[in-house]
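Chemist: Given chain S's structure and the hints, the job is docking chains X, F and H onto it.
4 protein chains.
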Amino acid sequence: MEGGFGRVISTGRSGFNGVICYRGNLSRACGAGVLFKDALTSIAHHTGPLRRFGASSLASMVVLAIGLSAMTAYTMPELQKTAGGRLSACLWCCLAYFAIECVVRARTAVRAGNAKQHILSLSGFVDLLGLVAVPIALLCGVAPPTAWLLASFWVLKLAQNSPAIALIARVFVVEAKALAGVSALFLIVLFLSSAAMYVLEHDQQPGPFGTLPAALWWGVATLTTTGYGDAIPLTHLGRILSAVVMICGIATFGLWTGILATGFAAETRRRNFIQTWDLVSTVPFFQSLDPAAITDITHMLRRLEVPERTAIIRRGKVGDCMYFIAAGEVQVDIKPTPVRLGAGAFFGEIALLGDSIRTANVTTTMPSTLLILDLADFRTLTANHPDLKRAIDSEGQRRMSANQQLRDRQRLGGAAPSRTGET
Amino acid sequence: MEGGFGRVISTGRSGFNGVICYRGNLSRACGAGVLFKDALTSIAHHTGPLRRFGASSLASMVVLAIGLSAMTAYTMPELQKTAGGRLSACLWCCLAYFAIECVVRARTAVRAGNAKQHILSLSGFVDLLGLVAVPIALLCGVAPPTAWLLASFWVLKLAQNSPAIALIARVFVVEAKALAGVSALFLIVLFLSSAAMYVLEHDQQPGPFGTLPAALWWGVATLTTTGYGDAIPLTHLGRILSAVVMICGIATFGLWTGILATGFAAETRRRNFIQTWDLVSTVPFFQSLDPAAITDITHMLRRLEVPERTAIIRRGKVGDCMYFIAAGEVQVDIKPTPVRLGAGAFFGEIALLGDSIRTANVTTTMPSTLLILDLADFRTLTANHPDLKRAIDSEGQRRMSANQQLRDRQRLGGAAPSRTGET
Amino acid sequence: MEGGFGRVISTGRSGFNGVICYRGNLSRACGAGVLFKDALTSIAHHTGPLRRFGASSLASMVVLAIGLSAMTAYTMPELQKTAGGRLSACLWCCLAYFAIECVVRARTAVRAGNAKQHILSLSGFVDLLGLVAVPIALLCGVAPPTAWLLASFWVLKLAQNSPAIALIARVFVVEAKALAGVSALFLIVLFLSSAAMYVLEHDQQPGPFGTLPAALWWGVATLTTTGYGDAIPLTHLGRILSAVVMICGIATFGLWTGILATGFAAETRRRNFIQTWDLVSTVPFFQSLDPAAITDITHMLRRLEVPERTAIIRRGKVGDCMYFIAAGEVQVDIKPTPVRLGAGAFFGEIALLGDSIRTANVTTTMPSTLLILDLADFRTLTANHPDLKRAIDSEGQRRMSANQQLRDRQRLGGAAPSRTGET
Amino acid sequence: MEGGFGRVISTGRSGFNGVICYRGNLSRACGAGVLFKDALTSIAHHTGPLRRFGASSLASMVVLAIGLSAMTAYTMPELQKTAGGRLSACLWCCLAYFAIECVVRARTAVRAGNAKQHILSLSGFVDLLGLVAVPIALLCGVAPPTAWLLASFWVLKLAQNSPAIALIARVFVVEAKALAGVSALFLIVLFLSSAAMYVLEHDQQPGPFGTLPAALWWGVATLTTTGYGDAIPLTHLGRILSAVVMICGIATFGLWTGILATGFAAETRRRNFIQTWDLVSTVPFFQSLDPAAITDITHMLRRLEVPERTAIIRRGKVGDCMYFIAAGEVQVDIKPTPVRLGAGAFFGEIALLGDSIRTANVTTTMPSTLLILDLADFRTLTANHPDLKRAIDSEGQRRMSANQQLRDRQRLGGAAPSRTGET
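Chains as they are written, first to last, in the working numbering: chain S, 1 to 423; chain X, 1 to 423; chain F, 1 to 423; chain H, 1 to 423.
One should not assume that every hint holds.
When chains are identical, the list treats them as one kind, so a pair holds in a single copy or across two.
[Said to hold, decoys possible] For lysine to any residue, the following SDA-like pairs were computed, each having C-alpha atoms within a straight-line distance of at most 25 Å:
1) LYS116 to SER356
2) LYS177 to GLU267
3) LYS177 to ARG269
4) LYS389 to GLY354
5) LYS81 to LEU138
6) LYS116 to HIS385
7) LYS116 to PRO135
8) LYS335 to GLU308
9) LYS116 to ARG358
10) LYS177 to ARG303
11) LYS177 to LEU279
12) LYS389 to HIS202
13) LYS335 to ARG315
14) LYS389 to PRO291
15) LYS177 to SER60
16) LYS335 to SER401
17) LYS116 to THR363
18) LYS389 to LEU279
19) LYS116 to ALA96
20) LYS116 to CYS102
21) LYS177 to PRO367
22) LYS116 to ALA106
23) LYS81 to LEU375
24) LYS116 to PRO206
25) LYS177 to ALA311
26) LYS335 to GLN397
Note that these hints are calculated values from the structure, not bench results.
Here chain S stands alone, though its shape is the one from the complex (with noise of 0.2 Å):
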């Protein structure tokens, strides 16, 4: 029945043993602080992911700060003057770094036989125009602190790497005609506004209300809510108006954030459903469900991936989730021998059946694919999944009545449990 919900890599005699639960009567005076804690470590938990970017893309980040840092203070005529040297040595070696990133990327595309679409693609554009975009303003005789604001487009680079924001352009795909007509909205306002605007205030103001592109310029800072202070009406129905047109204003924002905060919604859940369901299909834990709960299930689940030698779980902190592991491995820290779980099999579930206190370290072993559960969605699932409650209450039990004896054996043989391995 065990090897039917997780696959233990046992690499000492009994799994879990000597994990015992001896913080269970942890006193929880200080709960405010450890909730800032655990939010603390939980950046770090959950900011994991980042780290498995890789060294070279960290690299490239560090590199476009550099490279942004450096051209912007070229334009400063004092540190022109002062540095101007050196800033340009630092540019040039950012311009080198981009050149052998992109030429290593073309390289793999080529190899991978998609050097057509990889140049086509948003990813290769990008790399192209910061490669080439200084070095021809240059050759076409620019000065040089002008042909360096080309490095710019360097900062398009962020986009290169973030799915949030192809997430955020389907997003603004998906909900183009509701943006469309709010933006219609803006412009009959904006307009209409700055027309009656024009005529009642040129004569009095004939410098921020002269011209209708004058007044209109004020219709944007005024509808925004910007409100700059250049133009200001001064009659009495031009303020009345210009009141309209900033509750106008806060009417468009609601508008515009009702929209994308809708499809935004709507989006993250249908993305993360994706990524999540083919991942719960590996799990052999929930193979014998039907296909309609494990729909539910997926809709349950958060993604987590997480490099090696990370701590997932640190024992003594209050735990609220349990996981499952969709691909890679992870160490129980038991005192005799460390346990090993793979692919297949959960862990964390003591703490949501017990006292809710972790009872040993959990640290990955090679780059691994975590499913989350949290608290909430656990006792949802195992309210309406009875056999799942069961499997997870035994193997849970097993595990605890593991760590009971051998927290008895220790304690005849006189071996006070050591502290060492928390935080």
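Modeler: Same frame as chain S, now just chains X, F and H:
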């Protein structure tokens, strides 16, 4: 069984011959780039309906843009001197175009027997207003630059063809009570804070806070967080009050946004449901389902109206949805002879069943209405309706095996599959 | 069977005779125009309940608007000189009106035996405050223009009749903890950034950043993105800090909005459910359903309170909802003899079953409470409850066939159906 | 059967005697006023838990407010001269208070055996930072007014006791990827628009657009719609670009808000579920339900922690919820002898079953944890679980009939029911 879920208009020997999955081993090295290109082609894809708008509507938009620009330029004294005649001629041309458009529409309405209704409708009123406002002003002896300002009513034509604006109007109507409540709150805060500010500041700053109307002007600019900066409290109490007003402004924003976001989401869902419902009933594939299941499916499908000769699917792209043809016809570009699919058929399911790479180009041969089923909803749908899954699976298998046979035959005959048709 | 789902108060020979679908072939050429007119009539339709407010409430609002305008004008020195007497008289008249209103309300409360509760309620307090504030100030020897400023408390009367404001107040109460959390975050960012800005800038700009209160003033204006522009950092570090503060401001906005939007949506849903629940149980049509189904339906229906002699449905309009009469009576304007429907009956279902064009005018004969079922919800409801669908269908068929018979008879008799009654 | 759903600690002869519905015929003439009073008492009701905070926490907040005010005042030169000594003394007192608080907390932690964890927690760090920052600065020879600026770290104490801030932190963590995507978009728009603006404007305005950092400053102020007004484009192209940037700013707002709103709603729902789950299982009334039903109910209930001697229900008020006692005890103020209800009992159901008027005052006798079931959820719950409805109904009937008997007896005995206890 095939006839049960799709009317295949076969122009060749067998459906989908020659569509080969040889792009299945496509390297996904440039994933992010692909995502972006997808987003871009997807924009072209989704904005397809705009083209259906028709040439006349597009011309209207161009004339509108030219007219509004000319009108804006006409208010600038320097341009009025140097290019006044040309701008004036341009404006008269635009007016002539709108007059013709107005006459055409009116004649259509008269022929349809609803002339009275047309004139009373907003569309007819906007047409008429745009047509007569400027000539009447000129006849009344208003100077041309001022009279042409009335051409800004042309911007209302943006609202004539926009279902999104009608949707937004409906949201405001349905949420009128709640919005009135927030507006009342806004007025209360505005009036009380302005009166208090007038008391606090009018001795020190007789200009910006010398009268209650002036204080109200400060109140509006602050409560909408526009902050022109022409009226700024100087006393300590005034600044504290001002801070409270700004925070109330954020809260008003939040409530306004919350109401509009909720209302917009509900209204969009309702509108989509109604538009999709009638189409779903025309697809024979869904006719075996009970009404409750059809209600579920209607919530999942999205409508897409595509003009003639538009590419729906491009071979080699990542596919995350399948299509049902509610009306119209598409052509699947398979090598020896293309296949045509008519109303009631479906396509694009091979990518969802297999490795998510599109295996053939699909183009419309006439203006068509498609129903899109996203991957996430496809999974949910097939999980809850195993019979639908079986029907899609068996058709997909049939098509793939037909492709496989053709590929084998071509390989024996030595004809390498060409890659034209990709981009 | 008919009696089972609607009490028809028949004033003619048979229900719905003479209502003929001859508008079924209505050209939809001016679709967008129709959409707009619909939106406008729908505004009139939905704001109908405002009229129920009663003449006295409308008069209150008018007197309030006049009073506040007069009070505002009274603070302007030039108007005070030229029209001071008339403004003062106007204000005294408003005060007299509010005094009468206050007395009437108090007497009603005394008669109902809850005088104490009335005085302690916000409504009573607002009445009293508006009444005594100005006279007491005048008695204390305050100059009239200043004393009349206290009339700005009248604006609180806007909150007296508004259930939406009570709803908003409840949202703030329920979400108090979360809002307090965001406010704490706001204060932390505000204080730390202002202290840092004071350190960075107070040497360079002793005016706007010379003291911590001044820096806090900058902080509030920046964190709320108001940006008055009176205090602007000049140092590089100051500007980077300022950029961070602005972005924190957007995040605060986002959190605030998110909390209020979520809370408002939940509270509205709950309030609507409670208000609709009692009405649903009065409609015999729904009494055959089990309680769980009634719960579903209650979420779908919207309440609409309509005063006497209000048009609910206009013939020839596009119809997207049907109505159940919870209380009151409507008259269906059918040619030979109009038909009256009382509480428990339904109407408007013919458009949903057929070609979505309304076939007759329907007007209330007394103040009525209707329950609206939108087309989308109608589809869902009938899909899940086939018996309801059968009942509605059979009544719809009966009414349509009666109309058909009458139409045939009229055609034989040569009497062309007149089109009066349309607009 | 009674014991099955509520442990009644009866202190009198029979439960709920003397509670009479004589307020059932309460005139609802001042409906809006009642709504408001309800909202206000409901604030007092919901903020009850704040009082549980304890006197020490309240004292902390007061000392914090005094300390921050004194520190702010200390930076103003005029106050420094006139009241420097008093302010300094006040600040030292606050520091002393925080030192004592810090020592108390540390001792509690040491006694609980988690001293190390306390120091490493955010709570401990904030305590320490607030304690040592100023003395160290003074010892290092920093002038007192500057050194005391470091007391602004005290504001972090606001985050120590706030679960809402921990919740917000978690939302940011979970939504980190999406927020990073929006931030990348923000940076791309910011950099490209600022570079373009620098090119367009730096010749004409060497001040505000003379360098790229200056242009970036304009970009941030515009993209966040703060609009200080110190850098304003003058060229036509610059203004058009600026308008685009402002609209991008609104879109960024919208995305940010959408992400945070969605994340916050999901996180709140999850947190509430977890907190409520354990309490639900302690109420015997729900123990007969299957786990899936308990999951449903857990989503419906809200937790409310009430300190000792707090009024939960006031007689004569409109009631829209019922209460289950998860822990603690309440006293129902019935005339001859009050009744006490302990953990597991419920109250407040009579208003939901009858005319929605509360029939008795209910007050806590010890700190209690209640579960609130709103009227809308009560309807849904009882519709789906008829057995629960029966149990509540029979208890309600029993209580009401007991009240009725008592009322009859009192009436015969001539004892008019007094109205004391109402407010």
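Chemist: Does each hint hold? Answer for all of them.
Modeler: Now the hints, each set against the structure:
1. LYS116 to SER356: Between copies, since 21 Å is at most 25 Å while 54 Å is not.
2. LYS177 to GLU267: both (16 Å within a copy, 14 Å between copies)
3. LYS177 to ARG269: Both, since 21 Å and 14 Å are each at most 25 Å.
4. LYS389 to GLY354: Result: close within a single copy only, 14 Å intra versus 33 Å inter.
5. LYS81 to LEU138: Answer is within: at 19 Å inside a copy they meet the 25 Å cutoff, but 41 Å across does not.
6. LYS116 to HIS385: So LYS116 and HIS385 fail the 25 Å test inside a copy (50 Å) and across (42 Å) alike.
7. LYS116 to PRO135: This pair counts as within: shortest intra-copy Cα distance 24 Å, inter-copy 57 Å.
8. LYS335 to GLU308: within (21 Å within a copy, 47 Å between copies)
9. LYS116 to ARG358: This pair counts as between: shortest inter-copy Cα distance 18 Å, intra-copy 52 Å.
10. LYS177 to ARG303: between (32 Å within a copy, 12 Å between copies)
11. LYS177 to LEU279: between (34 Å within a copy, 20 Å between copies)
12. LYS389 to HIS202: The answer is neither: 75 Å in one copy and 63 Å across copies each exceed 25 Å.
13. LYS335 to ARG315: within (12 Å within a copy, 56 Å between copies)
14. LYS389 to PRO291: both (18 Å within a copy, 11 Å between copies)
15. LYS177 to SER60: between (37 Å within a copy, 18 Å between copies)
16. LYS335 to SER401: within (15 Å within a copy, 56 Å between copies)
17. LYS116 to THR363: Only across copies: LYS116 and THR363 sit 23 Å apart there, 42 Å inside one copy, limit 25 Å.
18. LYS389 to LEU279: both (21 Å within a copy, 20 Å between copies)
19. LYS116 to ALA96: Within one copy only: 23 Å inside a chain, 49 Å across chains, cut-off 25 Å.
20. LYS116 to CYS102: Within one copy, since 14 Å is at most 25 Å while 49 Å is not.
21. LYS177 to PRO367: So LYS177 and PRO367 pass the 25 Å test across copies only (19 Å; inside, 42 Å).
22. LYS116 to ALA106: Within one copy only: 10 Å inside, 52 Å across.
23. LYS81 to LEU375: neither (61 Å within a copy, 58 Å between copies)
24. LYS116 to PRO206: neither (56 Å within a copy, 45 Å between copies)
25. LYS177 to ALA311: between (46 Å within a copy, 20 Å between copies)
26. LYS335 to GLN397: within (19 Å within a copy, 53 Å between copies)
Hints 6, 12, 23, 24 from the earlier list are contradicted by this structure; the remaining hints agree with it.
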